[in-house]
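4 protein chains.
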Amino acid sequence: MRLWRSLNGWRQLSVGPVSLFYRFGRSVPVSNNRRRQHQRVKLDRGTPVPPASAASPLRDYDSERDASTETALIVGVGPGYGFELARRFAASGMRVALASRNAERLDDLVDELSAAGGQVNAYGCDATDERSVAALLATVTAELGAPHLVVYAVQGFCPGTVLDTEVPAFEESWRQNCLGGFIVARAAARMMVPLGRGSIILTGSTSSLIGREDHLNLAVGKFGLRALAQVLAREVWPSGIHVAHVVIDADVKDSDIFEAGYTQAEPRHLADAVFGLHRQPRTAWTSEMDFRPWNEKFWQHC
Amino acid sequence: MRLWRSLNGWRQLSVGPVSLFYRFGRSVPVSNNRRRQHQRVKLDRGTPVPPASAASPLRDYDSERDASTETALIVGVGPGYGFELARRFAASGMRVALASRNAERLDDLVDELSAAGGQVNAYGCDATDERSVAALLATVTAELGAPHLVVYAVQGFCPGTVLDTEVPAFEESWRQNCLGGFIVARAAARMMVPLGRGSIILTGSTSSLIGREDHLNLAVGKFGLRALAQVLAREVWPSGIHVAHVVIDADVKDSDIFEAGYTQAEPRHLADAVFGLHRQPRTAWTSEMDFRPWNEKFWQHC
Amino acid sequence: MRLWRSLNGWRQLSVGPVSLFYRFGRSVPVSNNRRRQHQRVKLDRGTPVPPASAASPLRDYDSERDASTETALIVGVGPGYGFELARRFAASGMRVALASRNAERLDDLVDELSAAGGQVNAYGCDATDERSVAALLATVTAELGAPHLVVYAVQGFCPGTVLDTEVPAFEESWRQNCLGGFIVARAAARMMVPLGRGSIILTGSTSSLIGREDHLNLAVGKFGLRALAQVLAREVWPSGIHVAHVVIDADVKDSDIFEAGYTQAEPRHLADAVFGLHRQPRTAWTSEMDFRPWNEKFWQHC
Amino acid sequence: MRLWRSLNGWRQLSVGPVSLFYRFGRSVPVSNNRRRQHQRVKLDRGTPVPPASAASPLRDYDSERDASTETALIVGVGPGYGFELARRFAASGMRVALASRNAERLDDLVDELSAAGGQVNAYGCDATDERSVAALLATVTAELGAPHLVVYAVQGFCPGTVLDTEVPAFEESWRQNCLGGFIVARAAARMMVPLGRGSIILTGSTSSLIGREDHLNLAVGKFGLRALAQVLAREVWPSGIHVAHVVIDADVKDSDIFEAGYTQAEPRHLADAVFGLHRQPRTAWTSEMDFRPWNEKFWQHC
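Chains as they are written, first to last, in the numbering used here: chain C, 1 to 302; chain Z, 303 to 604; chain W, 605 to 906; chain U, 907 to 1208.
Hints are computed from structural coordinates only; laboratory data are not their basis. Any given hint might turn out to be false.
Listed below are several chain C residues computed to face chain Z (Cβ distance under 7 Å; list not exhaustive) [as the list claims (entries may be wrong)]:
| id | residue |
| --- | --- |
| 1 | Tyr61 |
| 2 | Ala115 |
| 3 | Phe157 |
| 4 | Trp237 |
| 5 | His269 |
| 6 | Leu270 |
| 7 | Arg279 |
| 8 | Pro281 |
| 9 | Thr283 |
| 10 | Ala284 |
| 11 | Ser287 |
| 12 | Asn295 |
| 13 | Cys302 |
Computed list of chain U residues with no C-beta within reach of chain W, every gap over 10 Å [said to hold, decoys possible]:
| id | residue |
| --- | --- |
| 14 | Phe1063 |
| 15 | Asp1120 |
| 16 | Gln1186 |
| 17 | Ala1190 |
| 18 | Thr1192 |
| 19 | Glu1194 |
| 20 | Arg1198 |
What you are looking at is a predicted structure, and each value in this text was computed from that prediction instead of being measured. We put the CB at the ideal spot given by N, CA and C, even for glycine.
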């Protein structure tokens, strides 16, 4: 592992006026969780909820989409936010594709959601690698259908001052926080624009808006991702693609360790809000909204 | 009426070193629509929607509040946005108080919502007058219960350059767009903080964020309202009061006249989003979100 | 004085449907410091600085204006920032008009600058009173010439939460921080636009950009003043009037009391920067810039 | 050249689970313009400007630094902005180091400034290559002294929509607009912090603040550069290093072709303002300021 890390930076080999810049990387194969698929059983999805009566005044506010015929893709599925996005989308009846560098870590989640009747596949994918993302989209489309909702939820960050930050770490953070968002959002938009529908949600944080001490790597990537969100929204909203940027100004709970006295956002509530963005009717779309717990300071997070 | 207008500015009477600054105003009595109340009949509210089964995976995402036992107050109810807020809140089962300088214009709306089974009262109120707002809150509380959700939806604007703007118009715009918001929000917060729950929604527009040519009066008031929203959120979120600022970067449809080819936000979708803010669980509250139609330019509106 | 304070809020007298809103105010007569004028002596202004040689490469960067033939007006002259603006403008050779509610407090400053050879008059003026400002502009123009540079430096603030803020204090803060800025800037712009030249500088603070806890009154006024700056810049820059907004994110030193260990901005450096804005050539004007000391936290002030 | 372009993207070679990512680059040797140095003659710098008399009231506003003993480094020297920065700094008497990928294009400028008595060297450097920047700083320090003022003025942009943007172009734009700024600013800060003085100026544009249609590549890099500026300012201001971000919301004149009727910022005025930032006393530093011509629309540029 130490050997691997020593190989993981950019290197340069110069011969006369020509240099070769290179780094090694581990390929992340795009493949679904077939093993788990075999174990999947058809489940009764509980007593169906009867539709609201036609006479009900609430009828007008039901979502215009029936999400239960749709496919969602989450890129960057970690404990907390990513896991709860998966649960929320599956709960609505969507087919759900989960992508992560390490798909094996998603086994338990896939089992859980499949057991509850969800149609959920996990895929290995390196979001910063254009070919890996292209393969992901093609595979998901073939196996679950073209995604109607794509969420970019990758975040990479290790704190440090500008003076202490090394170039490979700076580049790598940007690749995770911003370049991957571009590659995924572009692939999604290219697929959605001809269809004239779909939602692309990019996930930001405090550092999307404020460059604080010790947050260089995160802020550079997150500012860039916000720029992408602004440009893409202006470009593809008119084609019917809803691009939105969510700003999570909070710690997100990903375990129960800190529960006592520590302020954290519940990821299932964030996930519900992201799902709500997907369901917004197009005459009143939101391009940006922020989230933090009620008892949290404003703009003091990562 | 012309006489009235000529009286409606601030005046100054000086005697030696002391000046008296004064203006005349018409009092707006706070009283509900009793006439209509007498006509109201108990209505069957349609077949009730059965609650989702406990086994349903969607159960976790149902709102934590049962809005049907709550009271909403909308200050500034005009065709379009205000009317649809009323319809949305009534549709959820909330008791709804509507306040407007001219409550009589709300008669048809009250009749409509009452006929559909809603418990809706309209009140005359001058939001820029502290005493009028205090009377409003007291009356609403007595008649419908203390409000759980208060929306400030007053907006006053006539375009004009800085050079052409007269001081009384400048002051009056600010009083409607900002002072009234302060008076209403403060009264709401004073009532909600001891109870530890409630939502206060302030309504902004493009001019909340950008001071564009010819938008002086609107921008000065809307910037100020946004300042209020930021301060109040920081102060009362920790008491469990959700303060949020919505930025409507769009024309809002208030009739069918411009429908063909003209881009407008559907007010019922805005209203649904405002209701959604009220229902956000407190571990992931939003302080600001924007709205515009899919086919609209960004930040080019009032 | 206590009597006076008790009179100083807005009052309301209602007769049937008509209300009279009124408050008392002390008139601030606009008159210059004639007494001091009599004592003024013609002073030798020291050895004149020879102009840079035509061959000097620095010649191209000399200001395009010769400020020494110009007139400056500062509205809101207090110890610290206002005093140093006066010193800076006088040092450049400008004729300087100082306006304050209480012109007598400016006696020593006028004496000091006059003794150094400056042509400096102090005027009483209530910036929130349109007639007082009109009289001020007329008097200054008659006595010192039409102003080429007008700085609005009034700031009024007493901290407090939204819940604790009374309406008269809210209104009065806004009148000082924003309404006065509008009245002064409009009067200045109306005078400058026909001449096609001039600078109007509006003074903001941390609370111009962020609404922090306990800063309600300041933030509402300062947000509004910033809106005014944005609108007015877009409207009158094309006429050759430079409108700029300076954001002082710092405590400004106004005495030597806190000097040890306490971080403050030197007002003479702020004043020099404001003068620099006035001298900017019009192909590269600045609309907003911020200031704070090197050893200060960002965005943590009033 | 076509061959070269075809080589210039990132490539990937996979063997089993390991991939090699690589691209070719041309090395940019860091060397000064020695040829021109030989031709340089000692020049009389014109009649020196006598210092302002000690009795002059303007004395207090003279810069606290004597720039004529200092060294400036400009990274990214193109016609227009970069050239005029060089002229401005040289005019103040600073030693000036110019860095560009193609130093030969700076020959005429170096000749011009040397003929006027300046001590100016041009260096080839690839700002996106850490080793090239390290060599540049070392060479400049050895030949002209450690820089007191470093300006990052590289900008790379070709317009295009998100859908049409290829990954190598996206990465390359970011490397020029943001990564290079990080490498240069970090190298400068590492040199300046131990000395406790110096200025680092990063150059932004409209796209630093707004992500507009067709401006993806510029906006992602410029947003990131602004994040860097915010973080670095908070980190090194307390060490006495002035980091500032200038936002040029304008076309900058780099030739006389468009002069008639076309609105452009004069680069010599921008350069003068940048020099002014370097001279700001540290009790009132600016972190960000914007520039545009008087007759230009706000926020409509690149």
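Check your understanding: Which of the numbered hints above does this structure break?
Key -> 2, 3, 7, 13, 16, 17, 18, 19 and 20
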